[in-house]
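Q: Use the sequences and the hints to build the structure in full.
Chains Y and B, in that order, are what the protein sequence lines are.
If you read the first sequence in numbering that gives the first Met the number 0, its first letter stands for residue 0, the second for the next number, and so on.
If you read the second sequence in numbering that gives the first Met the number 0, its first letter stands for residue 0, the second for the next number, and so on.
Worth flagging that the hints you see were computed from the coordinates, not collected in a lab.
There's no promise every hint is true.
Identical chains blur together in the list; that is why a pair holds if it fits in one copy or across any two.
Claimed, not checked - Cross-link-like lysine to any residue pairs, in silico, SDA-like; alpha carbons within 25 Å at most:
#, residue 1, residue 2
1, Lys-100, Tyr-89
2, Lys-100, Thr-332
3, Lys-126, Lys-538
4, Lys-344, Glu-313
5, Lys-448, Arg-34
6, Lys-100, Glu-87
7, Lys-100, Pro-76
8, Lys-100, Arg-140
9, Lys-126, Thr-10
10, Lys-344, Ala-255
11, Lys-126, Phe-7
12, Lys-538, Leu-580
13, Lys-100, Gly-84
14, Lys-503, Leu-11
15, Lys-532, Val-457
16, Lys-126, Arg-2
17, Lys-344, Thr-264
18, Lys-503, Trp-565
19, Lys-483, Val-537
20, Lys-344, Asp-409
21, Lys-538, Pro-129
Number of protein chains: 2
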Amino acid sequence: MIRQSQLFLTTLREDPAEAEVASHTLMLRAGLVRRAGSGLFSWLPLGLRVRRNVERIVREEMEAIGGQEVLFPGLLPREPYERTGRWEEYGDGIFRLQDRKGADHLLGPTHEEMFTLLVQDLVSSYKQLPLTLFQIQDKYRDEARPRAGLLRAREFSMKDAYSFDVDDAGLEASYQAQRDAYERIFQRLGLDYVIVAADAGAMGGSKSEEFLHPTPVGEDTIVRSAGGYAANVEAFTTVPPAALPIDGQAPASIRATPDTPTIETLVAHANEHHPREDGRPWTAADTLKNVVLRLTQPDGSTELVVIGLPGDREVHDKRVEVAFQPAEVVPATEEDFAKHPGLVKGYIGPWSEAGAVLGEASTTGIRFLLDPRVVDGTAWLTGANLAGHHVFGLIAGRDFVGDGWVEAADVRAGDEAPDGSGPVTLERGMEVGHVFQLGRKYAEALGLKVLDQNGKLVVPTMGSYGIGVTRNLAAIVERYHDEKGIVWPREVAPFDVHVVATGKDEAVFAIADRVAADVEALGLEVLYDDRRKVSPGVKFGDVELLGMPTAVVVGRDAPEGLVEVWDRATGERQQVRIEELAAALAR
Amino acid sequence: MIRQSQLFLTTLREDPAEAEVASHTLMLRAGLVRRAGSGLFSWLPLGLRVRRNVERIVREEMEAIGGQEVLFPGLLPREPYERTGRWEEYGDGIFRLQDRKGADHLLGPTHEEMFTLLVQDLVSSYKQLPLTLFQIQDKYRDEARPRAGLLRAREFSMKDAYSFDVDDAGLEASYQAQRDAYERIFQRLGLDYVIVAADAGAMGGSKSEEFLHPTPVGEDTIVRSAGGYAANVEAFTTVPPAALPIDGQAPASIRATPDTPTIETLVAHANEHHPREDGRPWTAADTLKNVVLRLTQPDGSTELVVIGLPGDREVHDKRVEVAFQPAEVVPATEEDFAKHPGLVKGYIGPWSEAGAVLGEASTTGIRFLLDPRVVDGTAWLTGANLAGHHVFGLIAGRDFVGDGWVEAADVRAGDEAPDGSGPVTLERGMEVGHVFQLGRKYAEALGLKVLDQNGKLVVPTMGSYGIGVTRNLAAIVERYHDEKGIVWPREVAPFDVHVVATGKDEAVFAIADRVAADVEALGLEVLYDDRRKVSPGVKFGDVELLGMPTAVVVGRDAPEGLVEVWDRATGERQQVRIEELAAALAR
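A: As structure tokens, then:
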């Protein structure tokens, strides 16, 4: 039992100015954490209890599937990350430092390399596999914009697990076991989730799914169809329309389109001055927008690339980033355009009277990637690389070709799911877990081999599985709160029961002492508000703010043997006789 | 129960080349840790179990005295450390880094600043005090020479606690409570200790004691007297002899002492060419050695200083470092001497025919500090600042004075304890705990104030209390091992009982399965060696290397209802009937 008069806890009545989202506000107000720096948090006693509960749930489910716990340093040498290329790939996203001898180090963002090296160090035979190791550890990422409290912090606790198998079937089984364990974890944490196909990101590897928790404060977008499709917007793949016959299509024609540097002005101009013969109005979807981007690779080398996509779509920040990772993607600058006079800003297109302008084989030599909708035989209204001019009826596959396809356009409600399960809807979500099939990438880069049954050296295949402990904790607060405070799900609550003594009557406090002890004797964890000279209003405010599942209020009627049992979630309040309290709490 | 066939454990038969001390060797061989980098370790499942046990003991004893657990980030902003001056004072000893915006950070070596700011943030009244907070957390120090495995690592787990009180009596009580808790912790860990007066080092503050565990691998020196005095050599204070009358002493005389740049050559020369009238031979103790040092302050400024001490003593590395902290101390270089032609190397002394040479008021202006033995009236044979010449009978207080005293000479067995409790002995020790009375230094620097009972703002007084979790764990291995392996004390052992099935008989393994389950049902933690195709020799080697307090060997005689119970510490082996196993284990 913890007595509130002794507990290091200061609850705040007002919302702190620094907090943007409810979970951040409430975690500060309820005295769970305090800010220690940008994206850095100190955990107070109450917060640490919840954190330990979340860790416990994660640990239990990992151990239930045979995971064995280890613990790596947070400070890591550069060398292993150099060997897999991640030292560079991470760019600004990790913290780097040098020791007093000038040796490069990083603060671990995830530990694929270290786990691979450990297994290489200690495992030599297929007999020691399959193996699943995990750690619950503080991770570091140098976020460009730490925000939303624990939802995007720079130091955060995460469970990362890694599986090692000799063959693909083994990896599939290990992956499935983790996936199942994750489902149990989220069920126990009380967090809804959608399992979505994910882009594998900087991890590499072949198959990857994310657990996205639907919430308006999420930074991800869940794309779902009623027929069961689910993906992170970054992993969505476009359904290309059928190609059209090229034969018999009219030749393209250049026409003057003065002052039409934007899609909007172009469509308006075309409808006014160049109406279609069949009367259908021109729309943005008829135009081909050519977006010039500059890619910067981790080694510093840069390249221009042009994406050709229907004019009614935008290039989607995250999808284009994934398409070109690990490169950094920014719009081309004036300087870039100055180097390529063949590109006439506002009137860029794949073709000009002098020949192809975009593409590796063109006059500019700039790589030209097409949106999957730009299939052969489709006709486009696009720039003619001549100021104030566009070309009408430019036919893909006849008048221009791309160097390849790119999934970079935004996704919209109503787009077709790639698995044919119908139109999709979009929803905000927060990544709360991630499972990857890494395959042999890390094992190969770091030289992990084991002897198989035939005495032959083989490269094991790996999976990597992450759950953010502190982020999930914040997600729980985000999901379980009302205007008065937190409403903890039972399994993660810092205490099961909040016993509150009210008034000034010492006899009541004596009864409350007994009640608190009795409740604890039931095997429940008790926070006991035994504070003198604190008004009932303040105490009840704390009960609602701190959010234990059940409160037992010992007040005026206690000498008559009556206390109140409050249910934080339903708001239900019930007077019960003290001798019936155990039964009431068991309900 | 953990089955050894499933456990991620590879024991090593050979001593790894990288290990210098027994604890490091055995922790690697028994599969507790692996090297992850210089001074960086990964914890394997068995090691993590022991680590959690040590943490649990520390946590229980902290909670028993009302300590409340919190957790700070490892990555910290510079600003608070700037305000207390420690950002500079730590010099090369901490890891520093910048985030992507160029903001300075450090990896926390200890958290005085952060705790002070947290309390300043949340505590406003004396009513909230006394308060003791603690964390068990990974700390970082950029050691010049990481060595001896976990004994001096760059990332290590430490419990640091901080007490806050309104007045000195409160601090004294909080300090005593921690000191008592530390005694209980070391008793539970099975580590002998000597509580010694310590130098407060970079922490500042008034009173400080260290818990030193006597061990030959320790880096500290315990100075003790039979009468009860105990100090770290760094904190030892010299008992000065009584001053002697100056009146009536003969005048000093310069004499030619060619080729005598060292104490040894000088003493030999003096005995040969300048014997004393009373026949006593000259000894090194009669000479005054003047050691020129260069101090570099954290801000980069440098200063020369000369220490005058009896020629039979050496300047002690650690004691001189403490004397001048936070400055770095190195011997003066040729360049330094070149700037001060008044200092004649090999013949330096406080005096020359032209007047005083050492001291702030002298011709060189160099600060001159004296060993406490150089009291007024003592006569010295020392350099005359003239090549090949020394001065005989130079009288302290008459012919020269210092700018002050310095405790920088080495301490020797037989020196008098400062408390009058007799001559001291010296012994190697390892710092396993440290308690400090910080006083108001941090509170003042960081603006922590609370209202006292009279509504007046007062500055609280603080204590800081540290125990290295991982270092203590290594100290336990260092203390409890024999030539065959580790001998875990019961309370920290990774498992209570090691059940070992031997042979090839499946019937024996079936019995062992039952025995292991039965032992677990007694409430004991069981490691069960259920490996097939592993020889008894290898299994018994593991039993001895891994060092569980008790092993139960289930072998050939098991079908007759007999097993062997081995006591790892005593080596005693006893055959017992399976039905009497519970009783045998309870002994």
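Q: Taking the hints in turn, state whether each one holds.
A: Now the hints, each set against the structure:
1. Lys-100 with Tyr-89: both (23 Å within a copy, 16 Å between copies)
2. Lys-100 with Thr-332: between (40 Å within a copy, 23 Å between copies)
3. Lys-126 with Lys-538: between (60 Å within a copy, 18 Å between copies)
4. Lys-344 with Glu-313: within (17 Å within a copy, 79 Å between copies)
5. Lys-448 with Arg-34: For Lys-448 and Arg-34, the Cα distance is within 25 Å only across copies (20 Å; inside one copy 45 Å).
6. Lys-100 with Glu-87: both (21 Å within a copy, 18 Å between copies)
7. Lys-100 with Pro-76: Both: 13 Å inside a copy, 23 Å across copies.
8. Lys-100 with Arg-140: both (24 Å within a copy, 13 Å between copies)
9. Lys-126 with Thr-10: between (55 Å within a copy, 16 Å between copies)
10. Lys-344 with Ala-255: within (15 Å within a copy, 93 Å between copies)
11. Lys-126 with Phe-7: Intra 51 Å, inter 12 Å, cutoff 25 Å: inter-copy only.
12. Lys-538 with Leu-580: within (21 Å within a copy, 55 Å between copies)
13. Lys-100 with Gly-84: both (23 Å within a copy, 24 Å between copies)
14. Lys-503 with Leu-11: within (24 Å within a copy, 67 Å between copies)
15. Lys-532 with Val-457: between (71 Å within a copy, 23 Å between copies)
16. Lys-126 with Arg-2: between (53 Å within a copy, 15 Å between copies)
17. Lys-344 with Thr-264: within (14 Å within a copy, 89 Å between copies)
18. Lys-503 with Trp-565: within (21 Å within a copy, 62 Å between copies)
19. Lys-483 with Val-537: Classified as within: same-chain Cα gap 12 Å, cross-chain 63 Å, threshold 25 Å.
20. Lys-344 with Asp-409: Close inside one copy (23 Å), not across copies (79 Å); limit 25 Å.
21. Lys-538 with Pro-129: Classified as between; 22 Å across copies, 53 Å inside a copy.
Comparing the model with each numbered hint stated earlier shows that all of them hold.
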